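Asker: Read off the chains here:
Protein chains: 2
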Amino acid sequence: MAKLILVVFAFALSLASAPASAEGVPTSLQQSGMNLMPWPAHVRLHEGRLALTQQFDIAVTGHPGQRVYDAATRLLQSLQRRSGIEFDQHVVKARSGGEQAELVIDVRRPGVLKLGEDESYRLLIDSGHAVLTAEDGLGALRGLQTFLQLLQSDPNGYYLPAVEIRDQPRFEWRGLMIDVARHFQPVDVIERNIRGMAAVKLNVLHLHLSDNQGLRIQSNVFPELTGLGSNGQYYTQTQIKHIIQYADDRGIIVVPEFDLPAHAVSWLVSHPELASAPGPYHLYTRFGGKNPAFDPSNPETYRFLGRFFKEMANLFPAPYIHIGGDENSGAQWSNNPAIQAYMQPAITSNAALQTQFIQKLAAMITADGKQIIGWDEILQPGLEKGAIIQSWRGKESLYQAVREGHRTILSNGYYLDLLYPASDGYLNDPIPPGTHLGRSTRRNILGGEAEMWSELVRPETIDSRIWPSAAAIAERLWSPQDVRDVAWMYKRLRAVNLQLEGLCLTQIRNQGVLLRQLTGQREVESLRVLVDVISPVRGYQRMASGDYTIYSPLASITDAATANPWAAIQFNEWVDRFVQHPDPDTEQQIRAQLEQWIANDPALETLIQPSPALHPVKPLAQSLVTLSRLGLQALDYIDQKQPAPQAWARQTTTDFLQAREPAAATKLRMVDAVERLVVMALKGDRSSETDAEHGDDRDGD
Amino acid sequence: MAKLILVVFAFALSLASAPASAEGVPTSLQQSGMNLMPWPAHVRLHEGRLALTQQFDIAVTGHPGQRVYDAATRLLQSLQRRSGIEFDQHVVKARSGGEQAELVIDVRRPGVLKLGEDESYRLLIDSGHAVLTAEDGLGALRGLQTFLQLLQSDPNGYYLPAVEIRDQPRFEWRGLMIDVARHFQPVDVIERNIRGMAAVKLNVLHLHLSDNQGLRIQSNVFPELTGLGSNGQYYTQTQIKHIIQYADDRGIIVVPEFDLPAHAVSWLVSHPELASAPGPYHLYTRFGGKNPAFDPSNPETYRFLGRFFKEMANLFPAPYIHIGGDENSGAQWSNNPAIQAYMQPAITSNAALQTQFIQKLAAMITADGKQIIGWDEILQPGLEKGAIIQSWRGKESLYQAVREGHRTILSNGYYLDLLYPASDGYLNDPIPPGTHLGRSTRRNILGGEAEMWSELVRPETIDSRIWPSAAAIAERLWSPQDVRDVAWMYKRLRAVNLQLEGLCLTQIRNQGVLLRQLTGQREVESLRVLVDVISPVRGYQRMASGDYTIYSPLASITDAATANPWAAIQFNEWVDRFVQHPDPDTEQQIRAQLEQWIANDPALETLIQPSPALHPVKPLAQSLVTLSRLGLQALDYIDQKQPAPQAWARQTTTDFLQAREPAAATKLRMVDAVERLVVMALKGDRSSETDAEHGDDRDGD
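The listed protein sequences derive, respectively, from chains V and C. Read in order, the letters of the first sequence correspond to residues 0 to 700 in numbering that gives the first Met the number 0. Read in order, the letters of the second sequence correspond to residues 0 to 700 in numbering that gives the first Met the number 0.
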């Protein structure tokens, strides 16, 4: 009985902590079938449609620059692939089309790839043609992505709805960081993710280029850095130039990070003389552990870094260099008598010593014409005001930094590798309503950045961690603050996810590969039914429970599972709706899903049996059936309009506890929803619960 | 009635032309569950198994060379990924393990990457450990692939069966050509296909580097060749060196082809002065058409090509350079008075002029230390004996060439782009039984090569044309001649196909992408059921029926369909078996499949309706249902043990004619099988048809 109370209490808690729904977009637009993401600032839907035919063509007027021509040509290709129609026009050039073209793009100036450049655009589509106008080329690029997302079809053909859109971003920094140090990510991984970023209007690619596992960029000045410090996996300067250009073509800035003074093993392998403790150093094959640091008392450290950063400042055109600055425990400094002596008498703490180190670095980098960015640890008294703070440990540093005159970027709450559902990042507003900040202070919050740390991903799985969640974060950073309806977001996210995979991103297709490899079978549908209702354990649980290395296979069921299991998301939504408005149609959907899960089980068990790698997942398969039966029982009670017996509910407690246990580093994500049906059955009526909200099985994560 | 006779007659014909089955491998081995491909020369299965555990490790003895260490390390990674077990050993080095290691690889010498090098190996596995012995490193590489293919699992774990294998290839040239000129294929496409080649013991990668649509390799001597002649898509010298090394690491030779004197547009764009007709020349965006040629009467042509080939001879370490030589119509030569004058009086035909051109080229290339290869058109009187002939137009030139003292390679019958089923290439023996050739003459048939011309593929679809068919050809070229049972080949091919996709080949996963893009939906199972029983029209039918360009979207249902639709292959096999031995189990399998096709239809129609790009496929969906019903009726008649009424059979004629019609450039591939059931029903008994053979819906292709 105590346990049941616990269950009910937990449920009540999850209600209380659920976010308030806010819907800034009229229902008519939400139901229009336009799967735009990020949702534009202003949208008006009109009658009519622009039919897509072989004659579709594009003309560009004004002074657009090459970026717009190339993007328009890519648009032609994308529209062709998604409709199967081959256009007469293949390439968009300066003299292409004319004012009669079906899409006219009018751009006043090419624009410069920098933060704060005008990214606004206006898109007018009627049944005759479409006009995209933008002040500069970057705005046109963003508008072309909106145009592509508007493509729809029905039995009569492919078309774009007649619509009027005026749009501009809410924040100027809309970033994605990829950690290419822990697990190196080859050029094609970066290319396809740049395409994905462009599709959802992200504009900063932050590459975490050095860490204890490797330094990933060729230095011509210090070739030993990759020679000894990279296990052969790094970007050549030719490759990084290609990446920078590829991103630039799509209106995306590439910001390099070199993580200092700690996280420094990969440097110290070839330069142990610059370390705070004696070497030799070897590249880490594991994660976490001690964080060796440069010796800040050694003048050679600065001469070395000065030359290195000068080379990198020339290589990367962006006006920013990220110098890391995180997680320096200071242990090596405390243990080094020479460093302790160096600190006397003025430098009173390791934090102050790090600030001095950062200051010296900043001075050199500023002299190279760049501004520094650092993780929020660098926010210490004395830090120069030009430094940009990236807040990862919490939001407090975000506001503290802007109050102290720094510019900031929010990362806390946007860690993709922790595998929280997309709704989490989506609802994580850098400046929530009610934040007390002055107007100019507020403007120093540049935006936010999704972070993809790579301890537990390889090139084959990384996309499935970034996408589609990063698209939800992209909307948070671009769209008006009041666009925040979660169910509607998921509906669009699901559609956008398919468009993203059309860019050769692998987040959907590679799940099948993993499942087929795990089973040795071609037909994995029954396993997919399970995977679609589980997700990996969240946060740092998986890291904590396994001894992972850079060689770990990362090919288990939790690598195939994703943060956004669609069947669970859909089921939770149906239950939400049913608990609020218990109508027969929704009940039928819920019942059908529960019955499918039960019916799927025999095939699933057959698939799991001969595949030892899948045996750990058996408890989840069993719980899925048990809870599905429970859910059906609950619905039966609800249909009878009498409260379910307490004894029955008591018997469910063990089943719920069991179903909440992680297995194979994954968890079932339909447990809370079934529990809500049980609670509803206990109440014994079908009256609507107006205060009910979306539950998402957070327990234990 | 006339039509029915036609149908029955066509069916009888297809029986008569069916290949004879030959089985060189005992049934016990065929049923052992070892999905080896190519099947080794000698296999003996023993009792017992080597269990795969965390302690699995590898030691290398002898003088193996770096290739073997790297391949052994890759084996560790592959075994890890496929079992989910992380081994204690991560990297195989000279000092790894010892004689106690679970796998000991003993190699006498590293070996040289060249044709004719000893590729034999011996693999002994018992319940304690495994020993792989090879004369040289190349043999060890081949043996490691066999080891990986032996991995199996059951509820008790992952293991390798106790087995004794002695193996060597039948032919020394086992090639794959990829045309990177018509549709350029980026480095990662080549890399993943090299991995696929290595997995099935192919050893020559032939790159078709120039054609009318582009020249795809950077020349430092003539940078204008790609500057003007490549639309920006080509391999830099750094990239091609990487490809060569990547292939070398896997025991694969890279042979470059520069197609001359015709197919020359991409050269003539920047060097119109070397053409046989006045320029300017522009890169083709279409395929076929005229084939402009170099001017063989111009001494500048040879100075230019001499410098170019010297550069390429240094770039590519392989001792061969392929100079093309195909499809020169001679029209430009005939129309050029200067060339006609040059031919007087000694050169009496365009063929003779081409031979003189080839001779001059060969002399230069031989002086650079390379041997030339050319398509079979170059086999003309006067051709130097060192030239290797690649027979593509038929097998006659293969035997003619060896009789004249040339070495030869068979390509005819191995054209992957024509999308014939894997069984075709599989049964295409370079030296069929009964071929009258002397022993040394026979030895001049070096082997064969699968050809992937790229008019109708893009990087996202090319793998699905190469694989898994190329694996069947690989077996033809490696395994003993009498390994040729088609049903058993398909059984193994299906398993090997999954292993190949584990190497990041995309032939399976990208089908889902295309189907999702075509429907805009995530759930495409009902469409997949259809795609699994259709395949693209074969030969040059699709090219003939559409006006394709390098910009064509290539994203329709025929791009998603493959040459080997598994459901159809399986169904045909069941019907084959049933017609020969009408047993109830097989009948039940056939009935279940027919009923599934019928049951699938409503969902399929719902999916097709809102997707105009799928509308052309409707007739196939309808025919699938119609024929499934017919098949069930036929089985009903057969069960009644009375001949079906002629009137019923007559009514089916229209249905069969309709079902044989291509739609959306694809065809249903279960039509013949259903027809065989109808014919069987007409005969009215369940007696076995001992002369029956595999039908594969060749009609109309």
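There's no promise every hint is true.
Identical copies carry no separate label here, and so any pair may be met within one copy or between two of them.
Here are the computed lysine to any residue pairs in the SDA-like style, where the Cα-Cα straight-line distance is at most 25 Å [claimed, not checked]:
{"id": "1", "residue 1": "LYS384", "residue 2": "PRO583"}
{"id": "2", "residue 1": "LYS617", "residue 2": "GLN53"}
{"id": "3", "residue 1": "LYS384", "residue 2": "GLN358"}
{"id": "4", "residue 1": "LYS640", "residue 2": "GLU594"}
{"id": "5", "residue 1": "LYS490", "residue 2": "PRO479"}
Because the hints were derived from the structure by calculation, they are not lab data. Keep in mind it's a predicted model, so treat the numbers as computed, not measured.
Asker: Confirm or reject each hint.
Answerer: Right, here's what the structure says about each hint:
In this assembly of identical chains, the alpha carbons of LYS384 and PRO583 never lie at most 25 Å apart, being 61 Å within a copy and 83 Å across copies at closest. Proximity of LYS617 and GLN53 under a CA criterion of 25 Å is satisfied inter-copy only: 22 Å between copies versus 52 Å inside one chain copy. In this assembly of identical chains, LYS384 and GLN358 lie within 25 Å of each other by CA distance solely inside one copy; the values are 11 Å within and 74 Å between copies. When the C-alpha separation of LYS640 and GLU594 is checked against a cutoff of 25 Å, the pair qualifies only within one copy, where the shortest distance is 22 Å, while the shortest distance between copies is 41 Å.
For the homomeric pair LYS490 and PRO479, the shortest alpha-carbon distance inside one copy (18 Å) is at most 25 Å, but the shortest distance between copies (56 Å) is not.
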